[in-house]
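Enquirer: What follows is the residue order along each chain.
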Amino acid sequence: MYSEKVMDHFANPRNVGEIENADAVGEVGNATCGDIMRMYLKINENEVIEDVKFKTFGCGAAIATSSMATELIKGKTVEEALKLTNKAVIEALDGLPPQKIHCSVLAEEAVKEAIANYYDKKGIAHDLRKGGCAGHCSSCTKHQ
Amino acid sequence: MAERLVYADNAATTSTSPAVLEAMMPYLTEVYGNPSSLHQKGRIAKAAITEAREKIASLLNCKPNEIYFTASGSEADNWAIKGIAYAMKNRGRHIISTKIEHHAVLHALESLEKEGFEVTYLDTDSEGRVTPEQVAAAVRIDTILVEVMYANNEIGTIEPIREIAAAVKEKNPKTLVFTDAVQAVGAIPINIAELGVDMLSLSGHKIHAPKGIGALYIRNGVRINNLIDGGGQERSRRGGTENVPYIVGLAKALEDAVGGLDEGKRVEAMRDRLIDAITAIPHTRLNGPKEGRLPGNVNVSFEFIEGESLLLLLDMAGICASTGSACSSSSLEPSHVLLAIGVPVEQAHGSLRLSISRDTTDADIDYILEKLPPIVERLRAMSPLYNG
Chain A
1 MYSEKVMDHF
11 ANPRNVGEIE
21 NADAVGEVGN
31 ATCGDIMRMY
41 LKINENEVIE
51 DVKFKTFGCG
61 AAIATSSMAT
71 ELIKGKTVEE
81 ALKLTNKAVI
91 EALDGLPPQK
101 IHCSVLAEEA
111 VKEAIANYYD
121 KKGIAHDLRK
131 GGCAGHCSSC
141 TKHQ
Chain B
145 MAERLVYADN
155 AATTSTSPAV
165 LEAMMPYLTE
175 VYGNPSSLHQ
185 KGRIAKAAIT
195 EAREKIASLL
205 NCKPNEIYFT
215 ASGSEADNWA
225 IKGIAYAMKN
235 RGRHIISTKI
245 EHHAVLHALE
255 SLEKEGFEVT
265 YLDTDSEGRV
275 TPEQVAAAVR
285 IDTILVEVMY
295 ANNEIGTIEP
305 IREIAAAVKE
315 KNPKTLVFTD
325 AVQAVGAIPI
335 NIAELGVDML
345 SLSGHKIHAP
355 KGIGALYIRN
365 GVRINNLIDG
375 GGQERSRRGG
385 TENVPYIVGL
395 AKALEDAVGG
405 LDEGKRVEAM
415 RDRLIDAITA
425 IPHTRLNGPK
435 EGRLPGNVNV
445 SFEFIEGESL
455 LLLLDMAGIC
465 ASTGSACSSS
475 SLEPSHVLLA
485 IGVPVEQAHG
495 SLRLSISRDT
505 TDADIDYILE
515 KLPPIVERLR
525 AMSPLYNG
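Quick mapping for you: the protein sequence lines, in order, are chains A and B.
Residues in the first sequence are numbered consecutively from 1, following my numbering.
Residues in the second sequence are numbered consecutively from 145, following my numbering.
A couple of the hints might just be wrong.
According to the in silico footprint, chain B covers these stretches of chain A (three or more CB under 8 Å from chain B) [what the hints assert, rightly or not]:
1. 34-47
2. 79-93
With beta-carbon atoms standing in for the labels, derived distance ranges [unchecked claim]:
3. N12(A) with H427(B): 22 to 30 Å
4. H480(B) with N12(A): 16 to 24 Å
5. N12(A) with E307(B): 48 to 56 Å
Hints listed in this document are in silico derivations from the structure and should not be mistaken for laboratory results.
Ideal Cβ placement from N, Cα and C applies to all residues, glycine included.
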């Protein structure tokens with residue numbers, strides 16, 4: 001059901017872990033829904049994401065999309081990272097099963113949440129939190 | 145490639161045993177006659193079905209003409225539930241069942257609810273048990289059917305069916321009792337005459353017969369509508385040319401399972417070894433009871449990790465298992481059974497079912513116990529919820 005790329009990123013996830021004194025941390029999802037992603041960013045004075053790490057509770061696709069998202073934004077500027085879409089994550093993974101699309105959405109949201117945290121710290125105004133949980137899973141009663 | 149392949153998903157399905165396949169072979173080849181035909185090819189096929197029916201009846205202690213062959217356990221469940229509901233609807237429209245039934249039962253009941261039947265779904269205790277008193281208390285004058293599964297497919301809980309049947313009959317002798325015994329038949333001793341139920345369903349592929357064969361016991365005298373109309377097969381109660389090789393295979397499989405029930409002790413010992421070692425891992429809970437549990441069933445929840453990723457890593461290590469996590473199902477709902485026994489949703493996501501059988505060896509258990517703990521630790525190390 002998963003592509004080889006997904007299985008590779010699941011079995012050998014890139015950038016797993018934490019960054020001490022990270023410049024930004026973002027966490028999305030909740031345990032009830034079955035997936036949580038936390039992303040740590042190290043951002044230099046030129047607004048380049050020098051390092052990124054993640055920790056994820058979730059299924060194979062949640063781990064693979066987290067891993068791929070970190071790869072796609074590593075070395076990019078904050079502005080470039082903000083352009084990351086869930087579609088780009090899906091394409092880079094050679095596709096996801098339909099019921100796992102929400103994992104790619106979560107990965108995009110994790111990046112945005114971390115950058116929102118970075119902007120908050122810098123006192124820069126933004127509207128990155130307008131998305132929120134899209135209600136793709138039916139585990140919580142939030143959307144019923 | 146993994147060093148070893150360990151199949152620990154026997155509650156999903158079992159291997160077809162070589163002895164069963166051997167018994168079936170003549171009926172897949174030269175004995176191809178239609179049992180309804182008068183000529184010799186038909187007569188030989190008919191004789192094989194008769195013999196299989198007698199064998200099954202004798203193994204379960206009922207009469208041969210109370211055994212009806214179906215294409216699956218699901219069909220038997222649907223037939224028992226819908227057949228009684230339609231036959232009895234003028235007497236009453238109330239049915240009692242539990243919250244932890246198999247989907248073949250639950251969805252059949254939901255479809256009846258849409259037609260105006262009323263269904264009471266009983267709660268269970270934290271180990272998945274319903275009590276006879278609880279069932280009897282729910283029985284009303286218009287209760288036409290009580291269905292409680294013999295043993296649960298996810299958490300292995302064995303229900304007190306005999307006591308439940310007695311309590312129901314005492315409260316309302318007209319209420320019929322049906323038990324879905326798909327997971328129990330062949331795993332634990334079953335004596336229908338002593339059980340006091342009116343109907344009982346079973347399935348072949350859970351006991352080392354192939355998929356595609358099941359049976360329903362219907363006590364003589366029970367009025368039930370047909371689910372599948374057709375020719376005069378199965379005493380005109382279940383249409384469709386009989387699946388002769390699979391019927392023969394089912395009888396052989398049941399004979400071997402009942403004959404090998406002593407094996408249950410060995411399976412139970414392996415199960416307990418798994419349970420003891422796995423629950424020694426911190427932040428792990430056993431789902432279902434310690435006593436009164438199917439010999440081959442292990443169900444545990446690991447906190448801080450999710451079941452699908454656990455299954456994928458186990459699979460890479462050569463271990464086939466299953467989970468009640470939402471993420472492995474197309475419905476995205478965690479197991480209704482785990483939720484019904486009060487497992488928190490996040491722990492239901494982290495559940496693992498290992499179901500072993502007489503095929504399982506001690507070396508298989510060693511292998512699972514070698515591979516599983518580091519995989520759990522690896523996923524926990526990746527989890528934002530874990531600070532171990």
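Enquirer: The structure should be examined with respect to each hint, and the outcome stated for every one.
Expert: To see whether the hints hold, each was checked on the structure:
no.: 1; hint: 34-47; result: holds (count 5)
no.: 2; hint: 79-93; result: violated (count 0)
no.: 3; hint: N12(A) with H427(B): 22 to 30 Å; result: holds (26 Å)
no.: 4; hint: H480(B) with N12(A): 16 to 24 Å; result: violated (35 Å)
no.: 5; hint: N12(A) with E307(B): 48 to 56 Å; result: holds (54 Å)
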